[in-house]
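Turn these sequences into a full structure, and let the hints guide you.
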Amino acid sequence: MQKKIHAQAAVELLSYAAFFLLAFVATAVVFLQLQGQELARAENAYAQEIAYQFADYIQVAFVAGPGFRQNVTMPERLLDKPYEIAVSHGAAPGTNETGFVYVNWEGPVRNSTFSAPTITSNYNATTYGSLITVNGDFYVINPGTSDGSVVQIENIGGAIRFSRPS
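This note's numbering applies: residue 1 is where the sequence shown begins, and numbers increase by one.
A hint or two may mislead.
As the list claims (entries may be wrong) - Here are the computed lysine to any residue pairs in the SDA-like style, where the Cα-Cα straight-line distance is at most 25 Å:
| hint | residue 1 | residue 2 |
| --- | --- | --- |
| 1 | K81 | I50 |
| 2 | K81 | G36 |
| 3 | K81 | N135 |
| 4 | K81 | E38 |
| 5 | K81 | L34 |
| 6 | K4 | Y16 |
| 7 | K81 | F62 |
As the list claims (entries may be wrong) - Now the in silico label distances, taken between C-beta atoms and shown as ranges:
| hint | residue 1 | residue 2 | range |
| --- | --- | --- | --- |
| 8 | P117 | V25 | 41 to 47 Å |
| 9 | Q70 | R110 | 29 to 35 Å |
| 10 | Q37 | S146 | 54 to 60 Å |
| 11 | P165 | Q35 | 23 to 29 Å |
| 12 | L39 | E76 | 15 to 21 Å |
| 13 | Q33 | E12 | 30 to 36 Å |
| 14 | Q70 | L39 | 29 to 35 Å |
| 15 | G129 | V109 | 37 to 43 Å |
Simulated from the structure, these hints should not be mistaken for lab results.
None of these values were measured; they are calculated from a predicted model.
From the three backbone atoms N, C-alpha and C, an ideal C-beta is built for every residue, glycine too.
Right under this line is the structure:
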């Protein structure tokens, strides 16, 4: 009789332990899923901030007029991930058109992009190592490279130019 009670107690203890382990695993899965969603939201919000900030720098250079020059320090990483800023130079300049600044990074699931509107202007750039490159119709700025994270934006005769500060 005594052995039956011990066996029943052991089975009950194992049942309780299995139930609580299952509840813990389910809670951990839900928590990790929510954390992943929050990380994706935070990355997108930070990319939005970077894109709008860079678009504002371009707008200021355009509105300030020829001769304006400004050094801009960009964050080196987007929440500990490398990213790039792409500005299209293929569009024809015009006062009623909208250009875009793109921030591209590798998101938690796939490559992600956020764009911010800016003025369409004549753009040009002085390429420098991996900091400023040309990729098709885009000038690409990689702030997290060994070439630095400071970009000079200037207005030369109404054209916006990106270069490395001298």
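_Quick check: does the Cβ-Cβ distance between P165 and Q35 fall within 23 to 29 Å?_
violated (39 Å)
*asked:* Hinted pair, alpha-carbon criterion (25 Å max): K81, I50. Please report holds or violated.
replied: With Cα atoms ~13 Å apart, K81 and I50 stay inside 25 Å; holds.
*For the pair Q70 and R110, does the Cβ-Cβ distance stay inside 29 to 35 Å?*
holds (34 Å)
*Please work out if K81 and E38 have their alpha carbons no farther apart than 25 Å.*
Holds. K81 to E38 sits at ~16 Å (cutoff 25 Å).
_Check the hint pairing K81 with N135 against an upper bound of 25 Å on the C-alpha distance._
Within the cut-off at roughly 21 Å; holds.
_Given the hint of 37 to 43 Å, is the C-beta distance from G129 to V109 inside that range or not?_
violated (31 Å)
*Holds or violated: are the alpha carbons of K4 and Y16 at most 25 Å from each other?*
Holds, because 18 Å separates the two Cα atoms, which is no more than 25 Å.
*Using the Cβ atoms, figure out if P117 sits within 41 to 47 Å of V25.*
holds (46 Å)
*25 Å limit on alpha-carbon distance, applied to hinted pair K81 and F62*: violated (30 Å)
*CA of K81 to CA of L34, is that 25 Å or under?*
Measuring from Cα to Cα gives roughly 20 Å; hence the hint holds.
*Could you see if the CB distance from Q33 to E12 stays within 30 to 36 Å?*
holds (32 Å)
*If you check the beta carbons of Q37 and S146, does the distance land in 54 to 60 Å?*
Given range 54 to 60 Å: violated, Cβ gap about 33 Å.
Checked against the numbered hints given earlier, this structure breaks hints 7, 10, 11 and 15; the rest are met.
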